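Asks: Construct all of the structure, not just a fragment, from the sequences and the given hints.
Protein chains: 2
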Amino acid sequence: MARVAVDAMGGDRAPRAPVAGALLALAELPPEHTIDLVGQTGVIDRALDELLGDEFAAYAPQRARVRVIEAPDVITMSDKPRVAIRGKPHSSMVVGLRRQANGEADAFVSAGNTGAQMAASQHILKLHADLTRPAIATILPTTSKPLVMLDSGANVDCSAEELVQFARLGAVYAEDVLGRPNPTVGLLSIGEEPEKGNAAVREAHQMLRAESGLAFLGNVEGRDIPTGTCARGPIDVVVCDGFVGNVVLKFYEALAPTLMGVFAEALGAERETLAQAFKELDYSEYGGAPLLGVKGVSIISHGTSTPRAIKNAIKVAVQMADARMSEHVGKRLAEAAALYTPAAPVTSPT
Amino acid sequence: MARVAVDAMGGDRAPRAPVAGALLALAELPPEHTIDLVGQTGVIDRALDELLGDEFAAYAPQRARVRVIEAPDVITMSDKPRVAIRGKPHSSMVVGLRRQANGEADAFVSAGNTGAQMAASQHILKLHADLTRPAIATILPTTSKPLVMLDSGANVDCSAEELVQFARLGAVYAEDVLGRPNPTVGLLSIGEEPEKGNAAVREAHQMLRAESGLAFLGNVEGRDIPTGTCARGPIDVVVCDGFVGNVVLKFYEALAPTLMGVFAEALGAERETLAQAFKELDYSEYGGAPLLGVKGVSIISHGTSTPRAIKNAIKVAVQMADARMSEHVGKRLAEAAALYTPAAPVTSPT
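Heads up: the protein sequence lines correspond to chains R and L, in order.
For the first sequence, position 246 (counting from the first letter as 1) is numbered 246 according to the numbering used here, and the numbering increases by one without interruption.
Offset between the second sequence (1-based) and the numbering used here: plus 1000.
Because the hints were derived from the structure by calculation, they are not lab data.
Owing to the predicted nature of the structure, the values given are computational and were not obtained by experimental measurement.
Yeah, the Cβ is synthetic: ideal placement off N, Cα and C, and Gly gets one too.
Keep in mind that a hint or two might mislead.
Unchecked claim - Here are the simulated lysine-lysine pairs, DSSO-like style, with alpha carbons at most 30 Å apart: (1) 1196/L - 196/R; (2) 1126/L - 1080/L; (3) 145/R - 1250/L; (4) 1331/L - 1126/L; (5) 1295/L - 1331/L; (6) 126/R - 331/R; (7) 250/R - 295/R; (8) 1196/L - 295/R; (9) 145/R - 80/R; (10) 250/R - 1250/L; (11) 331/R - 80/R; (12) 1196/L - 126/R; (13) 1250/L - 1126/L; (14) 250/R - 1196/L; (15) 1295/L - 1080/L; (16) 1196/L - 1145/L; (17) 1250/L - 1196/L; (18) 1250/L - 1145/L; (19) 1196/L - 1080/L; (20) 196/R - 1126/L; (21) 250/R - 145/R; (22) 250/R - 1145/L; (23) 1080/L - 196/R; (24) 1250/L - 196/R; (25) 250/R - 126/R; (26) 1250/L - 1295/L; (27) 1196/L - 80/R; (28) 1080/L - 1331/L; (29) 80/R - 295/R; (30) 331/R - 145/R; (31) 331/R - 295/R; (32) 196/R - 1295/L.
As the list claims (entries may be wrong) - Short, incomplete list of chain L residues facing chain R, as computed with Cβ under 7 Å: (33) 1034; (34) 1156; (35) 1157; (36) 1199; (37) 1221.
Unchecked claim - Covered by chain R, according to a simulated footprint, are these stretches of chain L (three or more residues, beta-carbon under 8 Å): (38) 1071 to 1079; (39) 1223 to 1233.
Replies: In structure tokens form, the structure reads like this:
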């Protein structure tokens, strides 16, 4: 049973997209799951009435599983993150996240200001012990199984230790959400050999190699991402600095529509078949990207999210909450920390 | 008139691919251009005889413009760069580059050990004054005009000053080789705003903004690469650290064959039409990547280069030599250096 708080004011298409996305999600989720739409109640109620009175009429049965929670303020896309959180404690973002901190919800989804969501999530939910930064995990489609790439934009100039933290977070996510037991982890670099890469990557390689409990594949390269496979086998998790991850992610996202254009000219009438083939590259299919490392669930959706993208983000949120992923992260980090704690000296029984 | 030294022993398909590539290039180049095939003369002569006696018989007229230059040693793909240069002074790589240093050739092309080629080029040709590192420039196809991305793998952990050096090198290359007068330069980052990016990128942004003589577009993002355009207009040059550039390059290179596979299943018989459309993404179309910053021309080709790829690499080498690009780089760098030299104090005429 998961109670998901959805930021009804966040994103370019709010309130329509989050409200419609909530109805779509509830129709697909088992009946015990509920949604809190957080924002200006007048605006949300009107959006619900409009949708249910028109094209979403078939979703009337879902209405009973929706609660509308008042939050008078709105954090805009141009608000500075930290200023917004401090200055707008009654915003949908802050109120939505606080419900989780207070035990009134199990997850939060927003298509609003990403910087503000990261800062507020870290401030309100707090980071797990032994973490210095949270990371955004993105699911990338490949020609084999999808893989998780992190960090895809929360951090730049990451240390080797932080890259190792991302590896631990990504492994738990791949196991709990993608259902990969003992997931494989690759470190994104510019050559297979351990000595290839920048200083942080080379150091992280040595640390990951030494870490038991992680199925470390060694370095993977940009060429391994489209197929989701490297010479040592299938890749479940790709670890990288948020600068590199964000460049790759935005490049990948832009390619699908770009290539559609190129092929449309070459193929004309075959466009429909192609659109089908490109579905694998459609990001709204995977909804939002979780901010990993916080104690709880916070899903970051694109500002341009459609109702379908929000629906999928909500489903990821439910999956993370139901799998108790945050608990598993805590456990995994504690295990890793124990490995580094010097054991009590053993007295030999002479 | 350009004399191109080609490493006949370099690459997975040597000597056949470099020898055949030389014949293909000469057939397309005006008659004043010549090629030196550098390597084990016995091996090269045999390859020439075999090719001209069989499928390359039509290229017999080109034979007179080919000289075979003896170099008994071969640097292998697994040789450590600096060890190879010192230990194998009679290798095709070192002998080929020395011809340029001695004024016997105008350019060098190799599909051999990239690390060795970078080190030998820097050691033998020397860097232009005011440069701390050379950079590999790659031409990326986009849906508009191709763009130059550098560095695509020669350096990691670049300083802001080095990113600025890459911008100057890339601008000269775009002008001389791609024929773009006053080329636009974008700095690859994770947001348009000057404060987005890692420490080196943020600092480089400020330095590039202050540099006259460069048409600086500001930050560009991963999403701008496939279209070759950002919100401020078309992009001729993308500047980045070699770690990021190499990841993007390898990712891009792997996508074309990967997507071909995806589409082949969806489209069956339309495969041929698609192959045509994908030609834009075919790297062998652009041959090799020049190592910019050295005094001379050194083109790095893929180890897997086909004769066609080598042909195109030779044509790029000729273009760079004919345009006197290395001289232009020297001039551009001197101009930039002059800007930073404090001018003599002006006495006001009171």
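Asks: Look at each hint and say if it fits the structure.
Replies: Results for each hint:
1. 1196/L - 196/R: 27 Å, holds
2. 1126/L - 1080/L: Holds, at roughly 20 Å.
3. 145/R - 1250/L: 20 Å, holds
4. 1331/L - 1126/L: 16 Å, holds
5. 1295/L - 1331/L: 12 Å, holds
6. 126/R - 331/R: 16 Å, holds
7. 250/R - 295/R: The given pair, whose Cα atoms are some 27 Å apart, holds under the 30 Å limit.
8. 1196/L - 295/R: 27 Å, holds
9. 145/R - 80/R: Measuring from Cα to Cα gives roughly 37 Å; hence the hint is violated.
10. 250/R - 1250/L: 15 Å, holds
11. 331/R - 80/R: Given that 30 Å is the threshold and the Cα spacing comes to 34 Å, the pair is violated.
12. 1196/L - 126/R: 24 Å, holds
13. 1250/L - 1126/L: It holds: about 28 Å lies between the C-alpha atoms, which stays within 30 Å.
14. 250/R - 1196/L: 15 Å, holds
15. 1295/L - 1080/L: 23 Å, holds
16. 1196/L - 1145/L: 27 Å, holds
17. 1250/L - 1196/L: Satisfied, since the Cα-Cα distance of roughly 24 Å is no more than 30 Å.
18. 1250/L - 1145/L: Given pair residue 1250/L, residue 1145/L holds - Cα atoms ~20 Å apart, limit 30 Å.
19. 1196/L - 1080/L: Not OK: residue 1196/L and residue 1080/L at ~38 Å, beyond 30 Å, violated.
20. 196/R - 1126/L: Holds - the C-alpha atoms of residue 1126/L and residue 196/R are around 24 Å apart, at most 30 Å.
21. 250/R - 145/R: 20 Å, holds
22. 250/R - 1145/L: Since the Cα atoms of residue 250/R and residue 1145/L sit roughly 20 Å apart, the hinted pair holds (cutoff 30 Å).
23. 1080/L - 196/R: It holds: about 13 Å lies between the C-alpha atoms, which stays within 30 Å.
24. 1250/L - 196/R: Given pair residue 1250/L, residue 196/R holds - Cα atoms ~15 Å apart, limit 30 Å.
25. 250/R - 126/R: With Cα atoms ~28 Å apart, residue 250/R and residue 126/R stay inside 30 Å; holds.
26. 1250/L - 1295/L: Between residue 1250/L and residue 1295/L the Cα gap is close to 27 Å, so the pair holds against 30 Å.
27. 1196/L - 80/R: Holds. Residue 1196/L to residue 80/R sits at ~13 Å (cutoff 30 Å).
28. 1080/L - 1331/L: 34 Å, violated
29. 80/R - 295/R: Distance ~23 Å between residue 80/R and residue 295/R Cα, so the pair holds.
30. 331/R - 145/R: Roughly 27 Å separates the two Cα atoms, so the pair holds.
31. 331/R - 295/R: 12 Å, holds
32. 196/R - 1295/L: Holds, at roughly 27 Å.
33. 1034: Status violated, d = 36 Å.
34. 1156: With a closest approach of 4 Å, the residue 1156/L hint holds.
35. 1157: 5 Å, holds
36. 1199: 6 Å, holds
37. 1221: 5 Å, holds
38. 1071 to 1079: violated (count 0)
39. 1223 to 1233: holds (count 5)
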